[in-house]
Amino acid sequence: QSALTQPASVSGSPGQSITISCTGTSSDVGGYNYVSWYQHHPGKAPKLLIFDVSNRPSGVSNRFSVSKSGNTASLTISGLQAEDEADYYCFSYTVSSTYVFGSGTKVTVL
Amino acid sequence: EVQLVESGGGLVQPGGSLRLSCAASGFTFNNYWIHWVRQVPGKGLVWVSRVNTDESSTNYADSVKGRFTISRDNAKNTVYLQMNSLRAEDTAVYYCVRGALRAYYVDVWGKGTTVTVSS
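Residue numbers (the numbering used here), protein chains in the order written: chain V, 1 to 110; chain D, 1 to 119.
Chain V extracted, bound-state conformation (with noise of 0.2 Å):
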C-alpha cells in the first residue's frame, strides 16, 4: 500500500494553470473511477475538491478540473490565485476494499 505519487511541489504565478499528476496502478487509480482530491490548508480541515475522477461538489469552483488516463489522473487548477496555495491529495479506492491517498503536493503561488 504505497502512497500514490505525486509531485513534491508546483508553482506558478497569479492567473497561470498548473497541473498535479496523481499516478498509482491498476490496483487503484487505472483501475476505478473512484479518484478523489482534496485541498489542505495547514491547521484545517481538508477539502473535498472533486470526487469520483472529474466531479466537482457544489461550491468548488470549476477552476478545479481533473482527467485521467491509465494509472494517472492529473488536478488542474485554472486562474491561479493567491488562496489556492495549500497542500493538494488525491485518494484512492483499492483492489483490496482499502484506501490509499496521493503522498502530496505542496502548491506555491508566486
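Errors might be hidden in some of the hints.
[Unchecked claim] Straight-line Cα separation of at most 25 Å, DSS-like style, residue types lysine-lysine; simulated pairs:
#	chain 1	residue 1	chain 2	residue 2
1	D	Lys43	V	Lys47
2	D	Lys111	V	Lys44
3	V	Lys44	D	Lys43
4	D	Lys111	V	Lys47
5	V	Lys106	V	Lys44
6	V	Lys106	D	Lys43
No lab work stands behind these hints: they were computed from the structure.
Knowing the structure of chain V, use the given hints to seat chain D on it.
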C-alpha cells in the same frame, strides 16, 4: 451542523495501547461509513482504517493490520479506534472522517487528536 469530534489521544509508551473515540452529530450516523486517517506533522495524509454502517465490514492499512481495531456504536453515534502494540511510527494526528453516502470518497473531517508514542 455536521460534526466529528475526536478524543482519546495522548502520550503512550512503545508497546502500549490507546483507544480513540469519534463522536458524530448533525447527520444520520448509522447511514455512513467512517474512516480514520492520520498525519505526521509536516508529512502527508495516510489512510488507516474504515468501518461500514453496521460493523460487518472493516478494512485496515497494512501498517496497522493486526494491531488496530475499528468499531462503532450506532446507539452512541461513536466510532472507536483501539490501538495496541503502539510504535514510534504511529505518532501522528488522527482524524475521524466521514465516508460519503454510498460512495468511495470522504467528505467531512474532524479536527483530529494527537497520539505520541515515546518512552
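Okay, the hints, checked on the actual structure:
1. Distance restraint check for Lys43 (chain D) and Lys47 (chain V): the Cα-Cα separation of roughly 17 Å lies within the 25 Å cut-off, and the hinted pair is therefore satisfied.
2. For the given pair, Lys111 (chain D) sits about 8 Å from Lys44 (chain V) by alpha-carbon distance, which is consistent with the 25 Å threshold.
3. Annotation: proposed proximity of Lys44 (chain V) to Lys43 (chain D) holds, straight-line Cα distance about 15 Å (limit 25 Å).
4. For a cut-off of 25 Å, the pair hint linking Lys111 (chain D) to Lys47 (chain V) stands: about 12 Å separates their Cα positions.
5. Among the hinted pairs, Lys106 (chain V) with Lys44 (chain V) is consistent with the structure: their alpha-carbon atoms are about 15 Å apart, no more than 25 Å.
6. This hinted pair checks out: Lys106 (chain V) and Lys43 (chain D) have alpha carbons roughly 11 Å apart, not beyond 25 Å.
When the structure is compared with the earlier hints, no violation turns up for any of them.
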